[in-house]
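The lines below spell out each chain.
Protein chains: 2
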Amino acid sequence: MPRTFDRAGALKKLREFYRSHHRPPSFDEIRELFGYRSKNSAFWIVRRLIESGFLRKDPKGKLVLDQLTGVKLLGSVAAGFPNPAEEELVDTLNLDEYLIRHPEQTFLVKVTGDSMIDAGIHEGDLVLVERGRSPKEGDIVIAQVDREWTLKYYQKKAGRPVLVAANVKYPPIVPREELTVGGVVVAVVRKYK
Amino acid sequence: MPRTFDRAGALKKLREFYRSHHRPPSFDEIRELFGYRSKNSAFWIVRRLIESGFLRKDPKGKLVLDQLTGVKLLGSVAAGFPNPAEEELVDTLNLDEYLIRHPEQTFLVKVTGDSMIDAGIHEGDLVLVERGRSPKEGDIVIAQVDREWTLKYYQKKAGRPVLVAANVKYPPIVPREELTVGGVVVAVVRKYK
DNA sequence: TTGACAATAGAACGGTCGTTCTATAATCTG
DNA sequence: CAGATTATAGAACGACCGTTCTATTGTCAA
Numbered sequence: 593m594p595r596t597f598d599r600a601g602a603l604k605k606l607r608e609f610y611r612s613h614h615r616p617p618s619f620d621e622i623r624e625l626f627g628y629r630s631k632n633s634a635f636w637i638v639r640r641l642i643e644s645g646f647l648r649k650d651p652k653g654k655l656v657l658d659q660l661t662g663v664k665l666l667g668s669v670a671a672g673f674p675n676p677a678e679e680e681l682v683d684t685l686n687l688d689e690y691l692i693r694h695p696e697q698t699f700l701v702k703v704t705g706d707s708m709i710d711a712g713i714h715e716g717d718l719v720l721v722e723r724g725r726s727p728k729e730g731d732i733v734i735a736q737v738d739r740e741w742t743l744k745y746y747q748k749k750a751g752r753p754v755l756v757a758a759n760v761k762y763p764p765i766v767p768r769e770e771l772t773v774g775g776v777v778v779a780v781v782r783k784y785k
Numbered sequence: 593m594p595r596t597f598d599r600a601g602a603l604k605k606l607r608e609f610y611r612s613h614h615r616p617p618s619f620d621e622i623r624e625l626f627g628y629r630s631k632n633s634a635f636w637i638v639r640r641l642i643e644s645g646f647l648r649k650d651p652k653g654k655l656v657l658d659q660l661t662g663v664k665l666l667g668s669v670a671a672g673f674p675n676p677a678e679e680e681l682v683d684t685l686n687l688d689e690y691l692i693r694h695p696e697q698t699f700l701v702k703v704t705g706d707s708m709i710d711a712g713i714h715e716g717d718l719v720l721v722e723r724g725r726s727p728k729e730g731d732i733v734i735a736q737v738d739r740e741w742t743l744k745y746y747q748k749k750a751g752r753p754v755l756v757a758a759n760v761k762y763p764p765i766v767p768r769e770e771l772t773v774g775g776v777v778v779a780v781v782r783k784y785k
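Chains as they are written, first to last, in this note's numbering: chain A, 593 to 785; chain B, 593 to 785.
Hints may contain errors.
Since the list gives no way to pick out one identical chain from another, each pair is judged satisfied if it fits inside one copy or across any two copies.
Said to hold, decoys possible - Listed next, the in silico DSS-like pairs over lysine-lysine satisfying Cα-Cα at most 30 angstroms (straight line): (1) Lys-605 / Lys-785; (2) Lys-785 / Lys-749; (3) Lys-652 / Lys-631; (4) Lys-728 / Lys-748; (5) Lys-649 / Lys-605; (6) Lys-605 / Lys-654; (7) Lys-785 / Lys-748; (8) Lys-649 / Lys-761; (9) Lys-702 / Lys-749; (10) Lys-749 / Lys-728; (11) Lys-785 / Lys-654; (12) Lys-649 / Lys-749; (13) Lys-749 / Lys-783; (14) Lys-761 / Lys-749; (15) Lys-664 / Lys-728; (16) Lys-604 / Lys-702; (17) Lys-728 / Lys-649; (18) Lys-605 / Lys-631; (19) Lys-761 / Lys-783; (20) Lys-605 / Lys-702; (21) Lys-702 / Lys-631; (22) Lys-654 / Lys-604; (23) Lys-649 / Lys-748; (24) Lys-748 / Lys-605.
Since the hints were derived computationally from the structure, they do not count as laboratory data.
Construct the entire structure; sequences and hints are all you get.
Below, the structure written as structure tokens:
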């Protein structure tokens with residue numbers, strides 16, 4: 593192993609392995625990945641990567657490739673456009689970990705209709721909904737109205753809950769009976785094309 | 593091991609291990625996870641889970657817990673609100689895998705300003721940008737205008753590229769010189785609170 | 001060309017891996 | 001209660017794991 597070598601390329605290979613296998617590679621698999629004939633060479637690659645802080649090990653000695661599933665988070669648009677090639681990145685973000693706090697109570701729902709259009713939630717978007725959380729005023733909730741489930745702002749008027757659409761076309765809804773809230777919207781995801 | 597046992601609870605434990613360790617547990621770790629004193633018990637748990645299709649193994653015999661990092665995707669809102677406890681779920685989705693096709697060329701940028709508000713992209717949202725892709729008409733791009741980077745629709749007028757905001761406040765921009773496109777927006781992510 | 005050093009190969013180690021086998025304990029059945 | 005059945009324990013296996021050691025090859029400078 594050279595003192596300096598292609599760290600980016602090496603990490604890329606490990607990342608790809610992790611992405612497709614959902615586990616870190618063994619040293620023998622690393623050997624194969626890099627085309628060596630001796631496991632020892634893989635050992636040195638890993639050693640160098642650990643020394644330079646790009647890799648680490650468990651208390652149990654297992655390789656940990658966290659941060660390798662994430663995507664680079666750069667600064668804001670207006671703040672000037674940083675070059676991702678250079679190391680000006682603010683952070684590395686795993687979208688699942690970033691958005692989902694309680695995986696067991698969270699699920700995705702596809703949005704139909706335009707009742708929340710002014711809140712920037714369009715038809716076809718996916719909303720991340722967390723169940724079992726009591727909504728606060730201003731939260732967007734998924735609630736049952738007339739046997740139908742819809743997205744609405746959760747508001748209060750004279751102590752009673754009111755469902756308000758983010759669209760002038762739809763009037764506020766004051767539930768007559770008990771209001772059934774399916775969950776609170778914690779995030780919106782829109783994929784183009 | 594009973595013929596029927598708490599599959600949901602078992603999977604939850606394995607899921608939690610995977611989430612925190614970023615690798616599948618060994619049989620000894622499974623034993624510990626479930627409070628047994630013999631690895632053999634862990635072996636039977638795994639066997640049952642594989643038999644019932646909740647777990648599988650590599651060609652190399654390693655445990656694969658894919659789909660365990662994801663979040664349940666249910667039907668659409670208007671289509672009625674399915675109960676996630678029941679097995680009516682449409683799919684299980686890993687957000688990273690769903691949104692990011694080319695991890696190396698993709699990065700996140702935080703949005704400032706309101707130039708794309710009518711496209712449902714608000715200040716504070718994160719946009720997933722893919723570099724090195726030539727924009728098609730109608731794509732949202734991150735482009736350089738007067739030394740500043742902004743989000744705009746990419747349009748063509750008389751064969752020449754035009755940048756159009758999704759906000760009547762901002763007039764279309766016809767670049768005088770070469771248009772520098774930093775990337776194409778492939779997704780929008782908004783997190784509440 | 002020779003010597004020094006870096007990079008890779010290859011063999012060998014103890015440890016942990018997944019798995020199987022047999023033994024014991026717990027539970028059920030009649 | 002007896003006997004059968006099931007669940008767990010515990011020991012043992014070969015295979016592969018990460019690691020270390022030594023040998024070989026390759027590269028460069030003098």
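Against the structure, the hints come out as follows:
no., hint, result
1, Lys-605 / Lys-785, "within (28 angstroms within a copy, 36 angstroms between copies)"
2, Lys-785 / Lys-749, "between (40 angstroms within a copy, 22 angstroms between copies)"
3, Lys-652 / Lys-631, "both (20 angstroms within a copy, 17 angstroms between copies)"
4, Lys-728 / Lys-748, "within (9 angstroms within a copy, 45 angstroms between copies)"
5, Lys-649 / Lys-605, "both (18 angstroms within a copy, 22 angstroms between copies)"
6, Lys-605 / Lys-654, "both (18 angstroms within a copy, 20 angstroms between copies)"
7, Lys-785 / Lys-748, "between (38 angstroms within a copy, 19 angstroms between copies)"
8, Lys-649 / Lys-761, "neither (56 angstroms within a copy, 53 angstroms between copies)"
9, Lys-702 / Lys-749, "within (29 angstroms within a copy, 34 angstroms between copies)"
10, Lys-749 / Lys-728, "within (13 angstroms within a copy, 47 angstroms between copies)"
11, Lys-785 / Lys-654, "neither (39 angstroms within a copy, 36 angstroms between copies)"
12, Lys-649 / Lys-749, "neither (55 angstroms within a copy, 55 angstroms between copies)"
13, Lys-749 / Lys-783, "between (36 angstroms within a copy, 26 angstroms between copies)"
14, Lys-761 / Lys-749, "within (20 angstroms within a copy, 34 angstroms between copies)"
15, Lys-664 / Lys-728, "between (32 angstroms within a copy, 24 angstroms between copies)"
16, Lys-604 / Lys-702, "between (33 angstroms within a copy, 25 angstroms between copies)"
17, Lys-728 / Lys-649, "neither (42 angstroms within a copy, 44 angstroms between copies)"
18, Lys-605 / Lys-631, "within (16 angstroms within a copy, 33 angstroms between copies)"
19, Lys-761 / Lys-783, "both (26 angstroms within a copy, 26 angstroms between copies)"
20, Lys-605 / Lys-702, "between (35 angstroms within a copy, 28 angstroms between copies)"
21, Lys-702 / Lys-631, "neither (48 angstroms within a copy, 43 angstroms between copies)"
22, Lys-654 / Lys-604, "both (19 angstroms within a copy, 22 angstroms between copies)"
23, Lys-649 / Lys-748, "neither (51 angstroms within a copy, 52 angstroms between copies)"
24, Lys-748 / Lys-605, "neither (53 angstroms within a copy, 39 angstroms between copies)"
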